[in-house]
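Listed below, chain by chain, are the residues.
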Amino acid sequence: MNLQIARGRVIDPESGTDRVVDVFVSDGRIAAFGDAPAGWVAQRRLDAAGLVVAPGLVDLCARMREPGVEGALRVEMRAALAGGVTGVVCPPDTDPPLDEPGLVRMLRQRSREAQGARLYPVGALTTGLQGSALAEIETLAGVGCVAFAQTGCLPRDKSVLLQAMRYARTFDLALWLVPVEESLAGSGVAGAGAVAGRLGLPSIPVVAETVALHTIFELQRATGARIHVGRLSSAPGIELVRAAKREGLPVSADVGIHHVHLIDVDIGYFDSNFRLDPPLRTQRDRDAIVAALADGTLDAICSDHAPLGADDKLLPFGEAAPGATGLETLLPLTLRWAASAGIPLDRALRCVTSGPARVLGEDVGRIAVGAKADLVVFDPREPWRVTGDTLVSDGKITPFIGYELEGRVRYTIVAGEVRHERQPGGAS
Amino acid sequence: MASPDADALPRRNPQLNRNGELHHLITIEGLPRPIIERIIDTADSFINVAAREVKSVPLLRGRSVFNLFFENSTRTRTTFEIAARRLSADVFNLNIAASSTSKGESLLDTIDNLSAMQADMFVVRHATSGAPFLIARHVAPHVHVINAGDGRHAHPTQALLDAYTIRHYKKDFRNLTVAIVGDILHSRVARSAIHALTTLGVPEVRAVGPLTLLPAGLESLGVRVFTRLDDGIRGADVIIMLRLQNERMRGALLPSAHEYFRNYGLTPEKLRLARPDAIVMHPGPMNRGVEIDSSVADGPQSVILPQVTFGIAVRMAVMAIASSSPRI
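Line by line, the protein sequences are chains A and B. Residue numbering for the first sequence follows this note's numbering, beginning at 37 and increasing consecutively. Residue numbering for the second sequence follows this note's numbering, beginning at 8 and increasing consecutively.
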C-alpha cells in the first residue's frame with residue numbers, strides 16, 4: 037500500500053538524520069523523503085506532527101513462549117507492536133527447546149499468521165539445550181535460525197563449546213552465549229556486594245561473568261567463531277569485551293534495558309520484581325554499562341522480555357522466578373535513559389535499532405530510500421502509567437509497575453503495513 | 008487483603024506503622040534506636056514476671072499467636088511459646104515441612120488459610136531470606152509479623168536479647184568492643200547483631216572468621232574485619248561465638264571441624280587475650296569442641312544460659328509492643 041507519514045521528526049540513527057520530513061512508503065519499502073515520487077498517490081496518510089518517526093525497534097531477546105504456551109505468540113506479538121518493536125529475536129529456551137527444524141518452521145509460520153513483528157528465531161546450540169550434543173545447526177540455519185545459543189549459562193563441558201565453535205565456524209554461523217560460569221554462579225540470586233551481604237541473599241560473584249568471558253574469548257581465538265554475548269552485567273566484564281573488540285575478535289554484546297536503569301540497592305525490602313538474571317549489580321557496574329553504550333563496546337540494548345505471572349513472583353526473593361516483561365517498556369525506558377544521561381535521541385535509539393540490526397546481520401533498523409518500511413511513530417513525551425491494564429503482554433511483572441513513563445507508540449509499521457495504532461489517550 | 012503499606016511509597020520501612028510505631032518486627036536494620044531501647048527497657052520489667060508466683064500478665068489475653076515454623080527449631084519455638092503464654096495469649100504451633108512445595112501449597116496460600124482462622128500475630132521462621140517481608144505485605148492490617156529467623160538475613164529477637172544481655176553485664180554500650188566470631192556469611196544472628204550494636208552506639212564491632220565465611224560489604228556496615236582470632240578478640244569486652252553448621256565443615260568453604268577449631272575455636276588460652284572481665288555469648292545450640300571449648304562454655308565468663316532467660320523476657324516485650332499494648 038502507498039503510505040505517507042507526514043510532518044514527523046524523522047530520526048535515523050545509522051545516517052544521523054534528525055529532521056522534520058515526510059516519508060513515502062510503497063510495496064513495503066521506503067520510496068522517498070520530502071516529496072512524493074512521481075505518480076505516487078497516497079492510499080493512507082498518517083499525521084505525525086509533533087511525533088518521532090524512527091526505525092522500528094529490533095529486540096535481540098524477547099521470549100514469545102511458543103513453543104510452550106498455546107496462543108502466546110499472538111499476544112506477545114501484539115505487545116511487541118504496542119512497544120514499537122518490529123523485529124523480535126526469540127531465544128531457544130522454549131518448551132520444547134528450538135532444536136528441531138519442524139519446530140522452527142512451525143514457529144515462523146505462526147509468526148507470519150500473527151501479522152506482528154518480524155520474528156528471528158535463535159536455534160538451540162545443543163540438543164535439548166543440555167550442553168552435551170550438538171544440534172543440527174546447519175539444518176536449522178536453513179529453516180531460518182539466525183544464530184545458535186546456549187541460554188542461562190555456558191555449557192559445563194567446555195570441550196562441547198570448543199567443538200560447537202569449530203562446527204559453527206565451518207558454516208559461518210554465529211554463536212550467542214550468556215557469559216555465566218555455572219559453577220561460580222552457584223545458587224546465587226543476587227549480585228555479590230554490600231547489598232546481598234546485608235540482605236543475606238546468596239550471591240553471584242562477578243567472576244562468574246569474567247571467567248565465562250575469558251573462556252569464551254580464549255576459545256574464540258582458537259576457533260575464529262563469531263560470538264555475541266548477551267546481557268552483560270559487570271564493569272570488569274564490560275572491560276573484557278572492550279579489550280576483545282580492540283584485539284579484533286569478532287564479538288558483539290548486549291545489555292538488558294533493566295540493567296541500564298537499576299542497581300542492587302533497588303531490591304529494597306526483597307522486592308522480587310527486581311529478581312533478574314543476570315542480577316542487578318552496583319552503581320559502578322551501571323556506570324560502566326552506560327559508558328559502554330556510549331563508546332560502542334555494547335552494541336545493543338534488549339528487553340530480555342520474559343512474560344511472568346504473579347505466581348512466579350509472589351514468593352520469597354530467592355525462590356521467585358527471575359525476569360520481567362519488557363517489550364512495551366523498552367522504548368520509554370530507552371528514552372528515559374537518554375533524557376537522564378543527556379544523550380541525543382538518535383544516539384540512544386541506535387542501541388535499539390541499527391545497533392541490534394547490525395548484530396543480527398539483517399537489513400532492518402534504518403530509514404533510507406529502498407530500505408524495508410519497518411517504522412515506529414511515537415510521541416516521546418506522552419505519559420502513561422505501567423499497569424496490568426495498559427500492558428498488552430500476558431506478562432504484567434516489571435520493576436516499573438505503577439511507574440509513569442514517557443514515550444508512547446502511536447503507529448507501528450511492518451513491511452509498509454500499519455499493524456498497530458493508538459489514538460492519544462486511547463486504548464490500543 | 009493487602010497490608011496498609013501496600014499503596015504507600017515503596018521505600019517506607021514496612022515494619023513501622025504510619026505513626027512510626029513498631030507494627031512488625033522483621034529486621035533490626037532501619038529500626039530507630041528509641042524503638043530498640045524501648046524493647047530492651049520493657050524486657051527489664053518482664054524479667055520479674057518469671058520470678059513471680061503467677062507467671063503471667065494479661066497483655067495479650069484473647070489474642071491468637073501462631074508460631075509458623077517453616078524451618079524446624081524446637082528451642083526458638085518453645086521460647087516464643089512461653090513468651091506468648093506469659094502474656095496470656097492463645098498459642099498455636101504449626102510446623103510446616105521445610106520445603107514449601109511439599110504439599111504444593113504456596114507460602115501465601117498458607118498465610119491466607121491461617122488468617123482466616125483469626126490470627127493476630129504470626130511468629131515466622133523460614134529458610135529463605137526475605138520471606139517475612141513478603142508475608143507482612145500480604146496480611147491484613149491488624150496482623151503482626153514477628154520474624155523468628157529468615158534464611159541468612161535476620162534474627163531480630165536474638166539480636167535484641169543479645170543487646171539486653173550485654174547491657175545487663177556491661178551497662179554502657181558506648182565504650183565496648185564486641186567481637187562476633189564464626190560463620191558470618193551464613194548467619195542471620197550476626198547480621199542482626201551488627202545492626203543492633205551499631206545502632207546502639209557500640210564503637211567497635213568486629214567480625215572474625217576465615218575469608219570464605221565473611222560476606223562482602225561488612226565494612227560498610229561499620230564492622231572491622233579480622234581473619235585471625237587472636238587479633239579479633241584481643242581486648243574485647245564481649246565475644247559472641249556463632250554456631251558452625253555441619254554442612255559448612257566439609258567441602259569448599261572449610262576443610263574440617265578440626266582445622267576450624269584450631270584456628271577459630273574459643274579455648275581458655277585464647278579467651279585470655281580478651282579483657283579479664285569479658286563475657287562469652289552464644290546464640291545456641293553450641294557445637295562443643297568446634298567453635299567453643301566446653302570449659303569456656305561452662306566457665307565463669309560464659310553468660311550463655313542467662314541469654315536464654317533474657318530471651319523469653321525480650322520476646323514478651325517484642326510481642327507486647329508490636330501489639331500496641333500500653334507500657335507497663
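Source of the hints: derived by calculation from the structure; they are not laboratory data. Small disclaimer: the values here were computed from a predicted structure and weren't measured. Possibly wrong hints are sitting among the right ones.
As the list claims (entries may be wrong) - FRET-style restraints, in silico, Cβ to Cβ:
| no. | chain 1 | residue 1 | chain 2 | residue 2 | range |
| --- | --- | --- | --- | --- | --- |
| 1 | A | E398 | B | E266 | 55 to 61 Å |
| 2 | A | E440 | B | G229 | 33 to 39 Å |
| 3 | A | G86 | B | G37 | 31 to 37 Å |
| 4 | A | E398 | B | A123 | 52 to 58 Å |
To be verified - Not close to chain A: a few residues of chain B, all C-beta gaps over 10 Å, as computed:
| no. | residue |
| --- | --- |
| 5 | P21 |
| 6 | R25 |
| 7 | L114 |
| 8 | L115 |
| 9 | T135 |
| 10 | D157 |
| 11 | S227 |
| 12 | L280 |
| 13 | G306 |
What the hints assert, rightly or not - These stretches of chain B come out as covered by chain A in the derived footprint (C-beta under 8 Å, 3 or more residues):
| no. | region |
| --- | --- |
| 14 | 158-164 |
| 15 | 211-225 |
Every residue gets a Cβ at the ideal spot worked out from N, C-alpha and C, and that includes glycine.
Now the hints, each set against the structure:
A hinted range of 55 to 61 Å for the beta carbons of E398(A) and E266(B) is consistent with their spacing of about 58 Å. At about 37 Å, the beta-carbon gap between E440(A) and G229(B) stays in the expected band of 33 to 39 Å. As the Cβ distance of G86(A) to G37(B) is approximately 46 Å, the hint placing it in 31 to 37 Å is violated. The beta-carbon spacing between E398(A) and A123(B), approximately 56 Å, falls within the hinted interval of 52 to 58 Å.
Taking the minimum C-beta to C-beta distance to chain A, about 6 Å, the non-interface status of P21(B) is violated against the 10 Å cut. Listed as outside the interface, R25(B) is consistent with that label: its C-beta sits roughly 17 Å from the nearest C-beta of chain A, beyond the 10 Å cut-off. Interface exclusion of L114(B) from chain A breaks down, the closest Cβ pair being 7 Å apart, not more than 10 Å. Against the 10 Å criterion, L115(B) falls within the reach of chain A, whose nearest CB is about 6 Å from its own CB.
The non-interface label for T135(B) is inconsistent with chain A: the shortest C-beta to C-beta separation is roughly 4 Å, within 10 Å. With a least CB separation of 8 Å from chain A, D157(B) falls inside the 10 Å interface cut-off, contrary to its annotation. Here S227(B) does not stay apart from chain A, with its beta-carbon only about 5 Å from theirs, under the 10 Å limit. With a least beta-carbon separation of about 27 Å from chain A, L280(B) lies farther than 10 Å from that chain, consistent with its non-interface assignment.
The beta carbon of G306(B) is kept farther than 10 Å from every beta carbon of chain A, the shortest such distance being approximately 32 Å. Residues of the region 158-164 of chain B with a Cβ under 8 Å from some Cβ of chain A number 4, which satisfies the need for three, so the listed coverage holds. Three residues within the 8 Å Cβ limit are the bar, and the region 211-225 of chain B against chain A gives 4, so the coverage statement holds.
Consistency with the previously given hints fails for numbers 3, 5, 7, 8, 9, 10 and 11, ordered from lowest to highest.
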